[in-house]
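We have chain H; now place chain G onto it with these hints.
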Amino acid sequence: MSFPNDLKYTKDHEWARIDGNVVTVGITDHAQSALGDIVFVDLPKEGRTLNTGETFGVVESIKAVSDLYSPVAGRVVSVNNDLPSDPAVVNREPYSTAWMVKIEMSNVSELSTMMDASAYQAYVDSLK
Amino acid sequence: MDNKSLKRTSLFEEHCKLSGRMVDFGGWELPVQYSGVMEEHRACREAAGLFDVSHMGEVHVEGAGAEAYLNFLVSNHVAKLNDLQAQYTVMCNRAGGIVDDLVIYRRARDRFLVVVNASNTDKDFSWMQEIATEFRATNPSLPFTITNQSAEYTQIAIQGPKAAAILQSLTATPLSPIKTYWFAEGYVLGSIPAILARTGYTGEDGFEVYVPWAKGPEVWRALYEAGVPFGLKPCGLGARDTLRLEMKYPLYGNELSDTTNPLEAGLGWVVKMDKGNFVGREQIEAAKSSGLKRTLVGLKVLDRGIPRQGYAVWSPDGSERIGELTSGTQSPSTGLPVGIAYVANAFAKVGSLVSVEIRGQKLRAEIIPTPFYKRPY
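Protein chains in written order, with my numbering: chain H, 1 to 128; chain G, 1001 to 1377.
Hints should not be assumed to be uniformly reliable.
Here are the simulated distance ranges between beta carbons [unchecked claim]:
hint: 1; chain 1: G; residue 1: Leu1353; chain 2: H; residue 2: Glu46; range: 29 to 39 Å
hint: 2; chain 1: H; residue 1: Asp116; chain 2: G; residue 2: Gly1190; range: 55 to 65 Å
hint: 3; chain 1: H; residue 1: Ser85; chain 2: G; residue 2: Arg1008; range: 50 to 60 Å
hint: 4; chain 1: G; residue 1: Pro1371; chain 2: H; residue 2: Ser33; range: 44 to 54 Å
hint: 5; chain 1: G; residue 1: Gln1129; chain 2: H; residue 2: Val65; range: 38 to 48 Å
Read the hints as simulated data drawn from the structure, not as lab findings.
Computed from a predicted structure; not experimentally measured.
Positions of the beta carbon are idealized from the N, C-alpha and C atoms, including for glycine.
Next up, chain H with everything else stripped away, as it sits in the complex (with noise of 0.2 Å):
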């Protein structure tokens, strides 16, 4: 199970990697595994505005339907509208090809609330 250094992490299993004022969204490696074989992703539009914790989207496995949840608050720049014709990419590369979308933050100050991969792991361990 991996958690890079680079990314901050939400208790919903998200990920975001932080560029300026936009961050980018997808889900953790410890979230793909625990769904198993994703089938199905669902994205909001570009520029729809979400408040922090707001449903964005949802992935669904064989067996479960999973919520996505705005780490942030601020509007979407930015979709990945390659990811819906091939879900299983969650799977394979949570980090990278399966980013979700991404967030021109309203409040740049909310990011010291997602933890650090250490700490994430500490949470993710604590779930065992």
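Quick look at chain G alone, frame taken from chain H:
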């Protein structure tokens, strides 16, 4: 997580060795998957799958009155069974609802093995005893005993086109003469007594093998080792569910419950009204003559979305709620988003259009023929 209260089968250590992901399944600690549901599902369809189904309950019903009692207990015609033949059936409560679905194996004229669902074993056993008391009161000359032997058996299912060949390498009992829903009493690995039943819950050819509890790990390992060269994979509860769903085999708790009439569940073929009296018969008949309102169907979502248990089914224009999904997934064999649902009779015909509500949106769906998957051999 405190798993101390969960029951374990004799194969718990084997699942751990194979990296099975253990979950709580009705009080049993069982693997939901090993390598992944999709891969396991495919292995079972294309080669073979190995399943631990030891959590199922086994009840012995024995004695001169065993057959007559069972025939009163369940809806199917038990007296039609021959030695070494098995029968799928349901037992109903006094309202005509389903207590459980089960398989009855006739080992001899006066010896039956009754296999019930894991999570229902205690409820079923109590119910069987209650009906036994009632039956004995009017049939004192027909003695029989009922014993819950669930802890004595390890049950392993080996399913798939290669299952028979793999199992044959472990037993001297010729398997090819055993037809579907028949069984043999023989041995595996030389001296381990085994019931070798050509039954299953996947839609594939295959066997369910009953061996003494303590011999489970040895038999499991031997089947696994013999099977790997054929492409066998151990399969968890996840694949077991998708395999049965593709066949529209009902699952107790999803399609069946204490309030389900077997006729609306599509189980009329195991309800024998002409065999004489049985528990629930009058109520099933009364419900039938007053008109059953819903039917269990298979459907396919035409828009982008996967149907799931509990989702509402609506009329095509979305104005009228007409039913509910009992199971659903993206079928691993066909790639289609399919589900099983109870719908109002007017919408039950193959080709009927309906809509399925998924996260607040009503998506188009169509009633399609079942099973969703047909094996090519």
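Tested hints:
no.: 1; hint: G:Leu1353 x H:Glu46: 29 to 39 Å; verdict: holds, 32 Å
no.: 2; hint: H:Asp116 x G:Gly1190: 55 to 65 Å; verdict: holds, 59 Å
no.: 3; hint: H:Ser85 x G:Arg1008: 50 to 60 Å; verdict: violated, 42 Å
no.: 4; hint: G:Pro1371 x H:Ser33: 44 to 54 Å; verdict: violated, 31 Å
no.: 5; hint: G:Gln1129 x H:Val65: 38 to 48 Å; verdict: holds, 40 Å
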